[in-house]
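J.: Spelled out from the first residue to the last, the chains are:
Number of protein chains: 2
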Amino acid sequence: MDVAKKIVLVVLDGGADRPTVGGKTPLMAASRPFLDHLATEGILGIMDVIAPGTPPGSDTAHLSLLGYAPEEVYTGRGPFEAAGVGINVRPGDIAFRGNFATVKDDIVVDRRAGRISDTHQLAEAIRTHVHLDCEFIFKESVGHRAALVLRGERLSHMIRPTDPLHVGELITRSTPLKDDDSSTRTASIVNEFTRQVHSILKDLPINRERERHGQLPANTVLLRGAGAVPHLMPFEQRTGLKAAVIAATALVIGIGKLTGMQYIPTQGATGHVNSNIEGKVDNVNKALKDHDFILLNIKGADEAGHDGNFDVKSRFLSHVDRVLSKLDIDDSVITVITADHSTPVSLKEHSGDPVPFLIRGKGVRTDQANEYNEFYAAQGGMHRIRGLDMMPVLLDLLGLRKKFGA
Amino acid sequence: MDVAKKIVLVVLDGGADRPTVGGKTPLMAASRPFLDHLATEGILGIMDVIAPGTPPGSDTAHLSLLGYAPEEVYTGRGPFEAAGVGINVRPGDIAFRGNFATVKDDIVVDRRAGRISDTHQLAEAIRTHVHLDCEFIFKESVGHRAALVLRGERLSHMIRPTDPLHVGELITRSTPLKDDDSSTRTASIVNEFTRQVHSILKDLPINRERERHGQLPANTVLLRGAGAVPHLMPFEQRTGLKAAVIAATALVIGIGKLTGMQYIPTQGATGHVNSNIEGKVDNVNKALKDHDFILLNIKGADEAGHDGNFDVKSRFLSHVDRVLSKLDIDDSVITVITADHSTPVSLKEHSGDPVPFLIRGKGVRTDQANEYNEFYAAQGGMHRIRGLDMMPVLLDLLGLRKKFGA
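Read top to bottom, the protein sequences are chains A and B. Under this note's numbering, residues 1 to 406 are what the first sequence spells out, in order. Under this note's numbering, residues 1 to 406 are what the second sequence spells out, in order.
For reference, chain A alone in the conformation it holds in the complex (with noise of 0.2 Å):
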């Protein structure tokens, strides 16, 4: 079989979006000499990584992406941060997304404690002096993040998380969402951590020390995204295709360990638009030695466009388009170039466009779709797909997939 070896995908992060400025995208604004060769040599189209006019979360539509059904597997985006920070999440675990928090008579007046940076002695502190009725794992991330974990029998993600999203409003009481046992006990320990974790913070030296310089104690923990750790069967066993993960957001790292990928870390990587993504790219090359597949994040354009910045993202397309040119690779490796959401600037939100795709390597049809942007991917021969379609579509293409009949 003549066919392709490896797969290198490629997903810009937010990186689609809605005619803006003068009727283009920042997509379309940007430079693109070497996004628009690979669209020359390859094939073009859209898709919807959910389905058509579903905003898809970065945690789903990642998933879909690598080809785990999201309506099977997930219920909410807790175990894939908990698994990013650095946890080692089992099946059945109940995990939540964390924040450090300013609360002053259980009213919140700031969610992220100021910006807060360095949280380490508090979660120490969380870790050494909270006890439930259950085990719990508790693990702070970059600034103002952390997870909890609860383990154990009768535990729920059903439960309504702590955090109100909203300033000014009250923490959020966590109540069941399902009227059986585990969904009650599950929330009323959820309350007591809330309860212990605000009487150990408060008087900690180090929030006294910040009120002493006018900072806002970080004096809580917020969580949301409750999720039960679902069984992922691995990648590796899934599609024979030996994977790692480059990524900076402990979301999609979380999603390639708890998939069984290596995760390859790359310093100076923020997931911010003055990211190291030269060294990601770097790693790619590197992984592309002993690794079948790799699965790049570049998270900057979903920033800008949270931000409703145009030209930052724009720009930052330019700037990604100039570093993928260093990707070290041939007509043996597919490499996929897409997004796992739009992120319209003028939405500053997810929407429920379909992001653009190319497809190039061996093997690959090509089409008269000769530039990388909305405008020409809806031109594309691939015409529309859905994000599930696209692992089959890719591990076809290296001779990978069973025929159905014969």
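The reader is advised that the hints may include incorrect statements.
Pairwise CB distance ranges, derived in the manner of DEER restraints [stated by the list, open to error]:
{"#": "1", "chain 1": "B", "residue 1": "A406", "chain 2": "A", "residue 2": "E169", "range": "48 to 54 Å"}
{"#": "2", "chain 1": "B", "residue 1": "D180", "chain 2": "A", "residue 2": "S325", "range": "58 to 64 Å"}
{"#": "3", "chain 1": "B", "residue 1": "G86", "chain 2": "A", "residue 2": "E72", "range": "41 to 47 Å"}
{"#": "4", "chain 1": "B", "residue 1": "A406", "chain 2": "A", "residue 2": "H306", "range": "45 to 51 Å"}
{"#": "5", "chain 1": "B", "residue 1": "H306", "chain 2": "A", "residue 2": "V21", "range": "50 to 56 Å"}
{"#": "6", "chain 1": "B", "residue 1": "R365", "chain 2": "A", "residue 2": "E71", "range": "32 to 38 Å"}
{"#": "7", "chain 1": "A", "residue 1": "E169", "chain 2": "B", "residue 2": "E72", "range": "36 to 42 Å"}
Honestly, the hints are just simulated from the structure, not real lab data. All C-beta atoms, glycine included, are put in the ideal place defined by N, C-alpha and C.
Fit chain B to the known structure of chain A by using the hints.
T.: Just chain B, lined up with the frame of chain A:
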């Protein structure tokens, strides 16, 4: 209603491919004045005969194209092969494809018994002397091929067949794939069949004779493609169309027969690139007089694909173009040209790439795609549909689809 009255569905078996020589597919490299003429007058599109990235078998593909969901009716290829070689199978029968083969000490020496051509006496010996714990029908086919049908109560297709698929391996001992009485019983019947067949064939004069001439004896029958004969609602009952099948391969003939089509044989139709496809086209023209639907399968391109021979495949498709130009079709006949699957010469196997298709006839919208090949089909006005969508689209052009709603 001013609509077309008849349908000719031309399946160029394995006729689609990937860009290979000079970035072209065999179909792109072929001379196609007639097909391009149809493309100019008609509309093009690409089709996932099963689903994106799923390589179809010829069996599941033809079922899909005719509107029978393979997920519902397909358990294995045996039933269609058995019907195709002329066995009157009944729903519930368990059927297999068989090969006369050569074993020595239970190890497969040749899966085709030295490409034996006349197996009538061998088959007759099996019919006369084999006695099983259920009714059975055994029939020889072209060359080394044959089919076996088991009939009766407590039978199952959930068994491992006996063909190891590779020479140098032990003939497979059939085992149940499901832990129930009927699967266990069927596996043991199949093993008993294998035992008796070998003991009958090994000493048969015709085999002694072959050995004296330095030929391999046909001393066993290897079974594969176990399947339960499905109940398929007759095509005419479903569509109102009196249908005929014109094909060389037992599989396609069998699918036609099992859906109640008339099989119209063609002398010299072999399924190879040297087949009498002129005769098949003559038969289509004759059949059009008293049939409403004709399935014409032309097999050669698939064979050339499996052989990995670009030039043979491309030349054969040019030949097909010339011969199809003799089709006696006007606007009153909806003519469809498509493939059941791609068989890329670079893969020598079926792939999951979409296949091109064109539809031409009264009422068909046109598009700007004026060449029949993978590249232009991907620009066609039909965009991308699934195999199961094809029959509803065609029936609708005949005004035969029932309105959903009022």
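J.: Okay, H306 (chain B) versus V21 (chain A) on CB: inside 50 to 56 Å?
T.: Between H306 (chain B) and V21 (chain A), where Cβ atoms are some 53 Å apart, the hint holds.
J.: Go ahead and decide if the range 58 to 64 Å is satisfied by the Cβ distance of D180 (chain B) to S325 (chain A).
T.: Between D180 (chain B) and S325 (chain A), where Cβ atoms are some 59 Å apart, the hint holds.
J.: Could one say that the CB atoms of G86 (chain B) and E72 (chain A) fall in the range 41 to 47 Å?
T.: holds (45 Å)
J.: When you take the CB atoms of R365 (chain B) and E71 (chain A), is the distance between them in 32 to 38 Å?
T.: This hint holds: roughly 35 Å between Cβ atoms.
J.: May I ask you to test the hint 36 to 42 Å on the CB atoms belonging to E169 (chain A) and E72 (chain B)?
T.: Once the Cβ atoms are compared, 52 Å apart, the range 36 to 42 Å for E72 (chain B) and E169 (chain A) is violated.
J.: Determine whether the Cβ-Cβ distance between A406 (chain B) and H306 (chain A) falls within the hinted range of 45 to 51 Å.
T.: Distance hint for A406 (chain B), H306 (chain A) holds at roughly 47 Å.
J.: Between A406 (chain B) and E169 (chain A), does the beta-carbon spacing fit 48 to 54 Å?
T.: holds (50 Å)
Consistency with the previously given hints fails for number 7 only.
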